[in-house]
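Asker: Residue numbers (the working numbering), protein chains in the order written: chain A, 137 to 552; chain B, 137 to 552.
Hints were generated in silico from the structure; no laboratory data involved. Do not take every clue at face value.
Identical chains share a label here; the pair holds if one copy fits it or two copies do between them.
[As the list claims (entries may be wrong)] Below, in silico cross-link-like pairs of lysine-lysine (DSSO-like), each with a Cα-Cα straight-line distance of 30 Å or less:
#	residue 1	residue 2
1	Lys535	Lys187
2	Lys489	Lys165
3	Lys535	Lys193
4	Lys247	Lys489
5	Lys187	Lys403
Protein chains: 2
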Amino acid sequence: MGMTLEEIGQRAKAAENVLRTLPTGRKNKALEAAAEALLAQKDMLLAANAKDIEAAKANQMASGLVDRLLLTEDRIGQMAEGLRQIAGLDDPVGEVLSMRQRPNGLQIGQKRVPLGVIGIIYESRPNVTADAFGLCFKAGNVVILRGGRDAIHSNQAIMEALQGALEACGLPRDAIQLITDTSHETAERFMRMNGYVDVLIPRGGAGLIRTVVEKATVPVIETGTGNCHIYVDETADLDMAVEIIFNAKTQRIGVCNACESLVVHEKVKDALLPRLAARLSQKAVELRGDEGSREACSDILPASEEDWGTEYLDYILSVKTVAGIDEAIAHINRYNTGHSEAIITRDYANSRKFLDGIDAAAVYVNASTRFTDGYEFGFGAEIGISTQKLHARGPMGLKELTSVKYIIYGDGQVRP
Amino acid sequence: MGMTLEEIGQRAKAAENVLRTLPTGRKNKALEAAAEALLAQKDMLLAANAKDIEAAKANQMASGLVDRLLLTEDRIGQMAEGLRQIAGLDDPVGEVLSMRQRPNGLQIGQKRVPLGVIGIIYESRPNVTADAFGLCFKAGNVVILRGGRDAIHSNQAIMEALQGALEACGLPRDAIQLITDTSHETAERFMRMNGYVDVLIPRGGAGLIRTVVEKATVPVIETGTGNCHIYVDETADLDMAVEIIFNAKTQRIGVCNACESLVVHEKVKDALLPRLAARLSQKAVELRGDEGSREACSDILPASEEDWGTEYLDYILSVKTVAGIDEAIAHINRYNTGHSEAIITRDYANSRKFLDGIDAAAVYVNASTRFTDGYEFGFGAEIGISTQKLHARGPMGLKELTSVKYIIYGDGQVRP
Numbered sequence: 137m138g139m140t141l142e143e144i145g146q147r148a149k150a151a152e153n154v155l156r157t158l159p160t161g162r163k164n165k166a167l168e169a170a171a172e173a174l175l176a177q178k179d180m181l182l183a184a185n186a187k188d189i190e191a192a193k194a195n196q197m198a199s200g201l202v203d204r205l206l207l208t209e210d211r212i213g214q215m216a217e218g219l220r221q222i223a224g225l226d227d228p229v230g231e232v233l234s235m236r237q238r239p240n241g242l243q244i245g246q247k248r249v250p251l252g253v254i255g256i257i258y259e260s261r262p263n264v265t266a267d268a269f270g271l272c273f274k275a276g277n278v279v280i281l282r283g284g285r286d287a288i289h290s291n292q293a294i295m296e297a298l299q300g301a302l303e304a305c306g307l308p309r310d311a312i313q314l315i316t317d318t319s320h321e322t323a324e325r326f327m328r329m330n331g332y333v334d335v336l337i338p339r340g341g342a343g344l345i346r347t348v349v350e351k352a353t354v355p356v357i358e359t360g361t362g363n364c365h366i367y368v369d370e371t372a373d374l375d376m377a378v379e380i381i382f383n384a385k386t387q388r389i390g391v392c393n394a395c396e397s398l399v400v401h402e403k404v405k406d407a408l409l410p411r412l413a414a415r416l417s418q419k420a421v422e423l424r425g426d427e428g429s430r431e432a433c434s435d436i437l438p439a440s441e442e443d444w445g446t447e448y449l450d451y452i453l454s455v456k457t458v459a460g461i462d463e464a465i466a467h468i469n470r471y472n473t474g475h476s477e478a479i480i481t482r483d484y485a486n487s488r489k490f491l492d493g494i495d496a497a498a499v500y501v502n503a504s505t506r507f508t509d510g511y512e513f514g515f516g517a518e519i520g521i522s523t524q525k526l527h528a529r530g531p532m533g534l535k536e537l538t539s540v541k542y543i544i545y546g547d548g549q550v551r552p
Numbered sequence: 137m138g139m140t141l142e143e144i145g146q147r148a149k150a151a152e153n154v155l156r157t158l159p160t161g162r163k164n165k166a167l168e169a170a171a172e173a174l175l176a177q178k179d180m181l182l183a184a185n186a187k188d189i190e191a192a193k194a195n196q197m198a199s200g201l202v203d204r205l206l207l208t209e210d211r212i213g214q215m216a217e218g219l220r221q222i223a224g225l226d227d228p229v230g231e232v233l234s235m236r237q238r239p240n241g242l243q244i245g246q247k248r249v250p251l252g253v254i255g256i257i258y259e260s261r262p263n264v265t266a267d268a269f270g271l272c273f274k275a276g277n278v279v280i281l282r283g284g285r286d287a288i289h290s291n292q293a294i295m296e297a298l299q300g301a302l303e304a305c306g307l308p309r310d311a312i313q314l315i316t317d318t319s320h321e322t323a324e325r326f327m328r329m330n331g332y333v334d335v336l337i338p339r340g341g342a343g344l345i346r347t348v349v350e351k352a353t354v355p356v357i358e359t360g361t362g363n364c365h366i367y368v369d370e371t372a373d374l375d376m377a378v379e380i381i382f383n384a385k386t387q388r389i390g391v392c393n394a395c396e397s398l399v400v401h402e403k404v405k406d407a408l409l410p411r412l413a414a415r416l417s418q419k420a421v422e423l424r425g426d427e428g429s430r431e432a433c434s435d436i437l438p439a440s441e442e443d444w445g446t447e448y449l450d451y452i453l454s455v456k457t458v459a460g461i462d463e464a465i466a467h468i469n470r471y472n473t474g475h476s477e478a479i480i481t482r483d484y485a486n487s488r489k490f491l492d493g494i495d496a497a498a499v500y501v502n503a504s505t506r507f508t509d510g511y512e513f514g515f516g517a518e519i520g521i522s523t524q525k526l527h528a529r530g531p532m533g534l535k536e537l538t539s540v541k542y543i544i545y546g547d548g549q550v551r552p
């Protein structure tokens, strides 16, 4: 309270010097202690959360958002369990990625190190406070959090529980700090703290991410939206296609790796689209397509140009027909958001063409786009899915929260 | 001429779709053809350069800067040779970094792909035009260049020669484009071309880099300044220390990996500093030190606080005495710019402590900081040295001009 951003930044730098070389065992113990602290202090957390919920209701917050804000004993248990799982993951720090000897005898290697100080800007889910701390800390990073105004009491209570656990383990409390001044001005100054903050990761809706990209001078990892496509090729197994599309569209509707748009080879549209429409009608999915698709299936409503670029996050799917794989790739590269794209095919050459030609974080052959996820990829955790191309692309686990440095062993070499 | 930034961006995206999957052999042929074109059109290049030189002299440009701007037959030969060398390097694109099988049978791999469209903002060295094209192109990227106003005729002539070579090889001319409107307004709009440009790499002085970091919304790779330190530990071989410091300070003075500051254990200052001062006096290096250092050597002038943070790029070296390695690490981490730092020691534990504790792109034991360089590291080429922690840290070769994407092979998997 009352701490300036500069004080927060200086404290973060001091903690960074401790975390940089902290052994894995001590990090894991602190994560276990943090999990314990959340459970032990659940009454304090619930009381703090009750204040936020009361204020939210007084401000007529929509009930879905109130639910996102709500802490329960169960949800506190999940936060604690999340920290324990992170303790069980491999520590990426310290791995030497390569070590080569140069002709002059210098040995030059690249070693994985923490990024340093990570800034997280997020909205009203208090569980992000514990999750983000756990992931950043395990990778040796200090975290500065700027959560939403609505969750301020909950976030502060969670932070205090975590700080207490750190202190009890002989570690700097400032490995996690929260910016309690939730004004936009302070958020914008936070985004410009070059020299104190090494990277900003915004977690939230498209508006938040746009603002951070627009205002930040600190490097940003953009975790973005997903206008994901499935292309059904001429040779596709149509049973497989129907089930993959059904899964990718309806298994969970509001997520970035859900399928939003179908691209269909014109030679299979008559065989595919009526069956697919029947299957999707089980979940009342609305189909919006081009003329070619509507000729094949009368249930399809007309699509407008705008549909091709829309991430519905809803029971709606757009349908575009194409004359072949080149047109499919061009269409997808034009309208996608660089997230996840799939082809359903039996053709070897087309599978390769699609994998190489599509510009996206994850490109699938014969599988649902819903697998783009740190847990499904086997990382054990995830801080977000990067849809940009710098540093990290796709699901980001612990490894993506690290940097590298060159280490060079010499015995007196000078440059001639 | 007269093309808007949007047109340039659209042409870049169209060329990107061709370069994304261009085989290495065709890229190498185009680079050889580009080298040929520079040599074949040298009269045209020299004539264009003469216009820039004439204007520079009319504007009273300092002679050092005029020299940087000057093209000669020799320098054109070097540019051509540079492109040929790049043709000879391994292509990083297409490498699969890992491929694992998940319990559900999905095979998930990470493949190296081009970044896409790279923007380079640079000052008055026309050779950057050919160099930057060569490196970006070999890694499958389209490049949009914004060079300095002073070199506009030279840059345009070089670009036209390169575009002609691309066209003769059946490749899109727009793989290299130059922004010919050199106004600041256009440069600033270029820095905000998200959706068209994937990354900006500024090449030039500290002022240029600061401006780009400040104004850009496109991700930036910061190539920065080097306030590099050498720490002489209690157990150092002092002969080795003197020769390494002499090399790192004087072998080349105006470069970012030159040593700017010496940190000396107080127990060796009396033995080291007078000898070192004598050796450095051969190159008339001015020493500025703290009290402890001046007690050991009367040739050392007093340093001010400002000296610790200064990258002199000159025959000046600051000298700080410390009581031990922890103080040395703390001092270096406070004042360094994250570039290159070295320890001279015979002590095993201190060598490890220094390698782990120092926060910099390159950390050396018993070698000169002057080795931080893409050629010396064995990359065969270099587009700059990153002093930030995201995406690339230290010398950046072809690999650092790529991104990755996940490729996933399935046989019908859906998410339960």
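Asker: Of the hints given before, which are not true for this structure?
Answerer: The structure conflicts with hints 1, 3 and 5, although it agrees with all the remaining ones.
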